[in-house]
Amino acid sequence: MTVYHPETTEQVCEVVAWAAAAPVPLRVHGGSALCRLGRPVIAEHDLVLSTLRGILLYEPEELVLAAAAGSRVVEIEARLARNNQMLAFEPPDLGPLLGAPAGQATLGDIVDANLSGPRRVKAGAVRDHILGVKVVTGRGEVIKAGGRVVKNVTGYDLPKLMTGAFGTLSVLTEITVKAVPAAPETNTLVVTGLDAPAAVRALTTALQTPHDVSAAAYLPAAVAQRSSVDSLAAAGESATLVRVEGFGPSVAARSAALRAILESAGSVQALETDDSKRVWREVRDVALLTTDQDALVWRISVPPAAGAEVLAAIGAALPKSVESFLDWGGGLIWLAVPADTPGAGARPIRAAFAPFGGHATLVRAPDSVRMVEEVFQPTSAALAALTDRIKTQFDPSHVLNPGRVRATASEIPA
Amino acid sequence: MRMPTPNDGLLQRRSEIVDRLRGVVPGPGVIGERDLLRAYECDGLTAYRQVPLAVVLPSTTAQVSDTLRLCQEMGLKVVPRGAGTSLSGGALPLADGIVLGLSKFNRILDIDYDNRCVVAQPGVTNLAISQAVTERGFYYAPDPSSQIACTIGGNVAENAGGVHCLKYGLTTNNVLGVEVVLMSGEVVRLGGRHLDAGGYDVLGAVTGSEGLLGVITEVTVRILPKPATARAVLVGFPTSRQAGDCVAAIIAAGIIPGGMEMMDGPAIRAAEDFVKAGYPLDVDALLIVELDGPEAEVDHLIGEVESIARQQGAVSLRVSQSEEERLTFWAGRKAAFPAVGRISPDYYCMDGTIPRGRLPEVLTRTSELSETYGLRVANVFHAGDGNLHPLILYDANVPDELERAEQFGADILKLCVDVGGVLTGEHGVGVEKRDLMEYQFEAADLEQQQRLKCAFDPDGLLNPGKMFPKLHRCAELGRMHVRGGKLPFPDLPRF
Ligand SMILES: Cc1cc2nc3c(=O)[nH]c(=O)nc-3n(C[C@H](O)[C@H](O)[C@H](O)COP(=O)(O)OP(=O)(O)OC[C@H]3O[C@@H](n4cnc5c(N)ncnc54)[C@H](O)[C@@H]3O)c2cc1C
Chain A
1 MTVYHPETTE
11 QVCEVVAWAA
21 AAPVPLRVHG
31 GSALCRLGRP
41 VIAEHDLVLS
51 TLRGILLYEP
61 EELVLAAAAG
71 SRVVEIEARL
81 ARNNQMLAFE
91 PPDLGPLLGA
101 PAGQATLGDI
111 VDANLSGPRR
121 VKAGAVRDHI
131 LGVKVVTGRG
141 EVIKAGGRVV
151 KNVTGYDLPK
161 LMTGAFGTLS
171 VLTEITVKAV
181 PAAPETNTLV
191 VTGLDAPAAV
201 RALTTALQTP
211 HDVSAAAYLP
221 AAVAQRSSVD
231 SLAAAGESAT
241 LVRVEGFGPS
251 VAARSAALRA
261 ILESAGSVQA
271 LETDDSKRVW
281 REVRDVALLT
291 TDQDALVWRI
301 SVPPAAGAEV
311 LAAIGAALPK
321 SVESFLDWGG
331 GLIWLAVPAD
341 TPGAGARPIR
351 AAFAPFGGHA
361 TLVRAPDSVR
371 MVEEVFQPTS
381 AALAALTDRI
391 KTQFDPSHVL
401 NPGRVRATAS
411 EIPA
Chain B
1 MRMPTPNDGL
11 LQRRSEIVDR
21 LRGVVPGPGV
31 IGERDLLRAY
41 ECDGLTAYRQ
51 VPLAVVLPST
61 TAQVSDTLRL
71 CQEMGLKVVP
81 RGAGTSLSGG
91 ALPLADGIVL
101 GLSKFNRILD
111 IDYDNRCVVA
121 QPGVTNLAIS
131 QAVTERGFYY
141 APDPSSQIAC
151 TIGGNVAENA
161 GGVHCLKYGL
171 TTNNVLGVEV
181 VLMSGEVVRL
191 GGRHLDAGGY
201 DVLGAVTGSE
211 GLLGVITEVT
221 VRILPKPATA
231 RAVLVGFPTS
241 RQAGDCVAAI
251 IAAGIIPGGM
261 EMMDGPAIRA
271 AEDFVKAGYP
281 LDVDALLIVE
291 LDGPEAEVDH
301 LIGEVESIAR
311 QQGAVSLRVS
321 QSEEERLTFW
331 AGRKAAFPAV
341 GRISPDYYCM
351 DGTIPRGRLP
361 EVLTRTSELS
371 ETYGLRVANV
381 FHAGDGNLHP
391 LILYDANVPD
401 ELERAEQFGA
411 DILKLCVDVG
421 GVLTGEHGVG
431 VEKRDLMEYQ
441 FEAADLEQQQ
451 RLKCAFDPDG
461 LLNPGKMFPK
471 LHRCAELGRM
481 HVRGGKLPFP
491 DLPRF
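Line by line, the protein sequences are chains A and B. Counting from 1, one number per residue, gives the positions in the first sequence under the working numbering. Counting from 1, one number per residue, gives the positions in the second sequence under the working numbering.
Just so you know, the hints here were simulated from the structure itself, not pulled from any lab data. Where hints are given, some of them may not hold.
Said to hold, decoys possible - Below, a list of computed lysine-lysine pairs in the BS3-like style, where the Cα atoms sit at most 27 Å apart:
| id | chain 1 | residue 1 | chain 2 | residue 2 |
| --- | --- | --- | --- | --- |
| 1 | A | 277 | B | 334 |
| 2 | B | 226 | B | 414 |
| 3 | A | 122 | B | 414 |
| 4 | A | 122 | B | 226 |
| 5 | B | 470 | B | 334 |
| 6 | A | 277 | A | 122 |
| 7 | B | 167 | B | 226 |
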């Protein structure tokens with residue numbers, strides 16, 4: 001077993017070309033805890049990209065930044081912050097949730113997993129902000145796709161296809177992202193004491209206004225109590241959170257308008273800049289979900305207005321000790337189930353949202369569980385076959401993270 | 001234009017093929033008569049024309065599926081078509097292929113305000129979606145200038161843009177799901193009303209695939225609440241360099257306008273002559289900066305933009321005082337193409353994108369090329385996102401003017417690539433920019449793109465001859481060039 005730490009795209013290419021020719025499978029990742037997302041990869045060698053780092057281009061006035069894939073997200077965010085800019089998709093730091101230190105995730109890790117935070121509802125996902133990539137395909141070839149400009153329809157949008165592919169199609173070596181101006185002000189309105197259905201109704205109403213809500217979440221009482229924001233923790237009640245960001249006068253006017261609307265749902269308090277930032281970081285990083293280190297954690301994307309109904313259906317089918325909260329206006333359910341839940345709860349969970357559509361991912365579970373359960377949402381036979389054909393076109397020897405997204409016969413080389 | 005050589009065998013079996021297609025799509029759903037086929041001989045890139053073998057107009061997904069399966073079986077090529085407004089020849093027919101028109105897929109299937117999305121059939125026009133949700137104060141953000149005619153299916157296939165892309169994204173950022181039929185006839189659903197489709201982002205790959213990967217039979221788009229208000233600032237500058245600097249300064253101040261458009265001298269004068277929008281005629285560059293959002297925000301930002309513009313040397317500046325005045329500011333810009341059409345028998349619209357900061361040198365070089373080719377050019381420009389639309393003025397009746405215009409256009413696009421930009425920002429590659437793809441991409445890049453097509457359409461029957469300058473067989477692309485098993489990287493750090 002060898003661990004390769006390439007420092008250049010050429011070195012990545014050398015390793016992959018060799019692996020493809022052998023063929024020997026490679027476990028490709030950024031060296032952070034995010035390598036534990038997906039099914040466990042059985043491979044002899046590791047290709048760890050954390051040494052492939054550095055900001056390659058940053059032109060604030062062009063709203064563009066390019067970095068080597070192994071660059072840490074926190075470093076990129078710090079660099080952007082110096083110019084009052086940010087990554088609009090608000091990448092979560094799931095290190096602590098996965099039992100590892102914070103601040104380790106690389107840009108490549110986040111792109112591999114298409115992991116977006118609370119601003120997803122307004123600004124889009126990671127995939128919406130990736131302008132271009134340089135990758136090494138499973139054929140051991142360096143290719144580039146996309147570019148450095150926002151408006152680009154030249155050829156297929158391969159950068160999107162690479163986003164969320166968990167390193168199974170190619171190894172990302174360089175990534176060009178959109179940078180956006182950071183909002184000078186942020187303010188959060190909190191409605192206390194709502195149950196989940198009332199909360200989702202309130203969030204839906206807020207998102208239907210033209211007041212440009214940039215995040216909308218619901219924390220049940222037990223979850224809200226864990227917040228480091230005193231007023232939330234002390235309330236002992238659920239918190240329905242609506243965030244507005246922007247220029248001062250705009251934030252003030254929109255907050256006032258939203259407050260008037262939300263007051264018909266319950267009593268409203270406001271969190272000013274610091275507390276607002278703190279609670280959204282907790283939501284983003286799933287920091288409040290559970291104190292049970294062994295609990296299995298699911299991430300479920302559903303039509304936003306169905307969030308409460310899906311939650312109720314899951315609650316009826318699983319033990320009382322299940323914990324959860326909602327982000328994305330109800331459209332993202334984070335769920336913690338006890339470690340001994342049969343089948344990790346996959347069946348009842350997937351049955352609960354089946355009438356509405358969506359997908360569930362088992363984010364945190366021991367290798368032994370992720371090996372046997374369907375970590376990602378099973379798809380129709382036609383889509384599964386298409387997925388396999390795409391995989392084969394990028395990685396014909398099946399050496400890049402085999403088995404990470406799908407366990408199929410085709411992932412074992414003939 | 002070099003197209004794949006027609007298959008004589010298929011051409012001779014025309015009437016048999018038409019009969020078999022009628023077995024799948026009954027009645028008037030199959031057009032085989034030559035004079036009726038003429039209506040489909042070109043799209044918005046009218047310089048290229050080709051009458052297809054037949055046109056099929058299915059009205060259900062099952063019919064699309066059966067048609068494609070039959071075509072696959074017969075080895076018959078298929079060109080999907082929405083409204084035929086493509087400016088890159090994406091819907092240009094093939095002599096030995098059918099056109100698969102989606103015009104009968106013209107219903108909005110569901111409006112879901114709670115999940116803020118609309119489910120529509122692909123033949124619904126872009127504007128019809130916004131109109132359907134306007135009563136509740138919503139709209140669909142991407143707004144190509146062709147929005148009264150172009151279809152949502154065509155928008156997905158071309159990843160269409162519009163003047164509001166900088167703030168609200170292109171089509172791809174506003175589509176939540178599609179139903180797509182593969183050449184094999186298999187029906188695949190991607191995404192839905194939830195956010196992020198899950199699995200490989202096949203939805204992202206299909207969007208902008210120019211009808212080469214599958215036929216879109218249903219689209220779910222997200223809709224947004226209409227901004228509370230919108231106001232525009234009309235700013236004139238003596239030079240385009242100053243206008244470009246003003247754009248950069250606005251963005252540096254953290255302001256992302258809803259729209260930021262620029263026109264050069266010839267475009268300003270043509271537009272003003274045509275619609276009398278009140279544009280200043282003594283300037284060489286005009287910016288329209290539109291701010292939309294909550295009233296408090298727009299009022300605040302209008303002030304900021306005004307002072308930035310003055311610092312950058314604006315010589316004329318007007319802020320719209322009413323909705324009517326805002327629309328007048330836009331009227332000239334929106335009519336820029338037909339306005340140029342009045343001063344020249346023909347014009348050719350280009351669509352490259354550049355890093356914004358390179359604008360002055362690209363405009364200078366464009367006017368040099370204009371002299372070299374002896375053809376006039378007017379520039380309109382989505383300044384916010386660097387998307388250039390130079391309009392090359394020519395007369396198709398003058399021998400070789402079309403060829404010169406095309407060469408001039410190709411030189412502009414190469415220039416865009418040279419400064420770090422791309423060949424097309426919103427109109428697509430189609431046949432028009434196909435042969436320039438090798439200028440932007442390496443052979444390996446293009447081969448990998450074609451391998452993606454192999455995963456969808458291994459026989460290469462869906463819209464062949466578009467996007468790629470060379471057609472490779474999938475078997476040939478699949479071969480691995482194994483580099484003789486040498487165990488490399490003794491010098492790599494490892495542990
Ligand atoms: C005056 C004018 C102004 C324009 N302004 C803009 C603009 O501002 N922004 C912009 O982006 N574009 C613009 N366009 C270009 C054009 O309108 C867009 O590309 C539009 O998206 C094409 O839609 P359509 O329905 O006409 O598609 P068509 O022209 O019929 O087809 C376009 C391509 O999509 C494929 N296709 C169509 N429907 C389907 C389907 N259902 N499934 C699979 N493939 C399909 C076709 O095969 C073809 O390759 C303009 C065009 C004109 C004529």
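Verification of the hints:
1. About 41 Å separates the Cα atoms of residue 277 (chain A) and residue 334 (chain B), which puts this hinted pair outside 27 Å; it is violated.
2. Between residue 226 (chain B) and residue 414 (chain B), the direct Cα distance comes to roughly 38 Å. Violation of the 27 Å bound is thereby established for this hinted pair.
3. This hinted pair does not check out: residue 122 (chain A) and residue 414 (chain B) have alpha carbons roughly 35 Å apart, beyond 27 Å.
4. Using a Cα cut-off of 27 Å, the hinted pair residue 122 (chain A) and residue 226 (chain B) holds, with the two alpha carbons roughly 14 Å apart.
5. This hinted pair does not check out: residue 470 (chain B) and residue 334 (chain B) have alpha carbons roughly 37 Å apart, beyond 27 Å.
6. Of the pairs offered as hints, the one joining residue 277 (chain A) and residue 122 (chain A) holds, with about 17 Å between alpha carbons and a cut-off of 27 Å not exceeded.
7. At roughly 13 Å between alpha-carbon atoms, residue 167 (chain B) and residue 226 (chain B) fall within 27 Å of each other, so this suggested pair holds.
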